[in-house]
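Using the hints, position chain B against chain A.
Residue numbers (numbering that gives the first Met the number 0), protein chains in the order written: chain A, 0 to 138; chain B, 0 to 486.
Calculated directly from the structure, the hints in this document are not laboratory data.
Accuracy of the hints is not assured; some may be wrong.
Stated by the list, open to error - Listed below are several chain B residues computed to face chain A (Cβ distance under 10 Å; list not exhaustive):
(1) GLN6
(2) ARG161
(3) PHE167
(4) LYS238
(5) GLU261
(6) ASP289
(7) GLU352
(8) LYS374
(9) ILE408
(10) ALA412
Cβ atoms here follow ideal geometry from the backbone N, Cα and C, with glycine treated the same way.
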Amino acid sequence: MRVTQGCFSFLPDLTDDDILTQVQYALEKGWAVNLEFTDDPHPRNTYWEMWGLPMFDLHDAKGVLMELEACRKLHGDKYIRLSAFDSSHGWESVRISFLVNRPPHEDGFRLERIAGPGRTQRYEIRGYGLDRPEGARYR
Amino acid sequence: MNVQPSQTVKGKDRYKSGVMEYRKMGYWEPDYEPKDTDVIACFRVTPQDGVDPIEASAAVAGESSTATWTVVWTDRLTATEKYRAKCYRVDPVPGTEGQYFAYIAYDLDLFEPGSISNLTASIIGNVFGFKPLKALRLEDMRLPLAYVKTFQGPATGIVVERERLDKFGRPLLGATVKPKLGLSGRNYGRVVYEALKGGLDFTKDDENINSQPFMHWRERFLYCMEAVAKAEAATGEIKGTYLNVTAATMEDMYERAEFAKELGSCIVMIDLVIGYTAIQSMAKWARRNDMILHLHRAGHSTYTRQKAHGVSFRVIAKWMRLAGVDHIHAGTVVGKLEGDPATTRGYYDICREDFNPMRLEHGVFFDQPWASLNKLMPVASGGIHAGQMHQLLDLLGEDVVLQFGGGTIGHPAGIAAGATANRVALEAMIFARNAGRDYVNEGPTILAEAARSCTPLRQALDVWGDVTFNYASTDQLDFVPTPSVAG
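Chain A extracted, bound-state conformation:
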């Protein structure tokens, strides 16, 4: 199973040189790059853990890659996403977001069906890894 969140999940995994080109693009637009990680990639899990603050004052793409390397050292068994934030009026949100690290094995999700009235069913999506505690899910 491959989680296909983010902008480039259908391409072969990006190399660091690939990532550099995209970071450079974001920085040239004046966006703040941000790194986040999680071991709960549920599609509705909005708040991944932040790897420090968004890098508002970092304008060097290589610097971002160094942060990513440091993040991978500690959280290489998790999902890491790189996003870029645009603070200009009328947007004030994320402009681009893509995965830059995946766990060695992706567990995927179980679809639970709960019978409702009539023919309705309620669906619940549960990451298989969630049975283990946070931090120990992809070890």
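Positioned in the frame of chain A, the structure of chain B alone reads:
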């Protein structure tokens, strides 16, 4: 052409019983300076042979505001000068004999706050059947800030839609389920599941899928939402399917929309043919219920396509942004349906910008402020395929839903493969653009490179790579950009 001075008759002579020319009744005021709060309309007027263009334009002002065919004394009980629409400018259409652009200003008090129905009942009401005109077309409107602020605007808007879907930095991908009529609910859901699992973000009901003998609406909703949930579990991504809630009555539409919500759908859809009031009702419902609202512009070509008569689509786009839908079909340029690049660009700007400057070369006649109203996501649908990805990205930008119906479902290796082909083509193109490549010119190369590691994309390019729809547009612009001297 503002050569004829005002001929407004003043005093008691103005109200003598009988018929008086419109330009003498105060509907032609060439010295009038529109107020910031006026609604302004630009009409293309084609007078009957022998009818003076100023008189014809004054008549349009009159018939779309206070006038009737004869003088009435009851005008004197009102502040008539305020309520009379004023034609203040008439220009011959460049290069077209017998047609004129008439600019007409309307006082804000003529309109009910927040009501498209009221606005349109005046502006495109009786006047379009007026005998002294051969044809009449509403080209554009300037909606004053004060009026814009009385509307809700898009229920969700582009930014919040992206936040809810957790999808940033690329166009969204969709497909309309085909064949549009005849599938059972169970078969229909199969198409939804395959397309979403294969890589699309959305699938879509077509405009005429409501509740027919071959598939009643609850069957469709139940199977579709099973497909959505299953595709979400298979990909870890948020997926959606536009459930068309268009129905005979408002009560039916609310019932269907409520059921879609109960089943966990993030989006519902309506057709333009339900009418402006119903659209506004559904937009308010969508805002109250955290729902994205997709609008299919079914029926618009009956009045938007012909150049001499009707309403330009840019006006419909403005009304729909006010009315509060989140998605609107706005043309593809390269696909099978009407639309040249510059005109379509004008529509897209109306949907997505916070301020539209006047740009005659895009068909935009007025500065238009949007007062931070949410942005409306344009949808490109109809005869587009993966081989055009570089052109689509260049012409339509990033905040758009690209819908490949045939281009997904008609894939030789199946629906999921078709979806994957489109998604890979899109991601490869975005990556190349961001990496600084000349993606417009290198587009075919970029696609061929991506196809090396993606068989479905290679198959798609083999089947559709050369398909184009090159026909002259019926609705072409009257203004060509003046080449700059320095250029």
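Hint-by-hint comparison with the structure:
Given the 10 Å rule on beta carbons, the hint for GLN6(B) is violated: about 46 Å separates it from the nearest Cβ of chain A. The beta carbon of ARG161(B) comes within 7 Å of a beta carbon in chain A, closer than 10 Å, and the hint placing it at the interface holds. About 5 Å separates the beta-carbon of PHE167(B) from the nearest beta-carbon of chain A, less than 10 Å, and the hint is met. For the restraint placing LYS238(B) at the interface with chain A, the shortest Cβ-Cβ distance is roughly 8 Å, inside the 10 Å limit, so the hint holds.
Taking 10 Å as the C-beta contact cut-off toward chain A, the hint placing GLU261(B) at the interface holds, the least distance being around 7 Å. Of the supplied interface hints, the one on ASP289(B) is violated, with its beta-carbon coming no nearer than about 13 Å to a beta-carbon of chain A, more than 10 Å. A cut of 10 Å between beta carbons decides the hint on GLU352(B): the least distance to chain A is about 9 Å, and the hint holds. At a threshold of 10 Å, the smallest CB-CB gap from LYS374(B) to chain A is about 8 Å, leaving the interface hint in force.
For ILE408(B), the suggested interface contact is broken, since its CB lies about 19 Å from the closest CB of chain A, more than 10 Å. Interface restraint check: ALA412(B) against chain A, minimum CB-CB distance 16 Å, threshold 10 Å, status violated.
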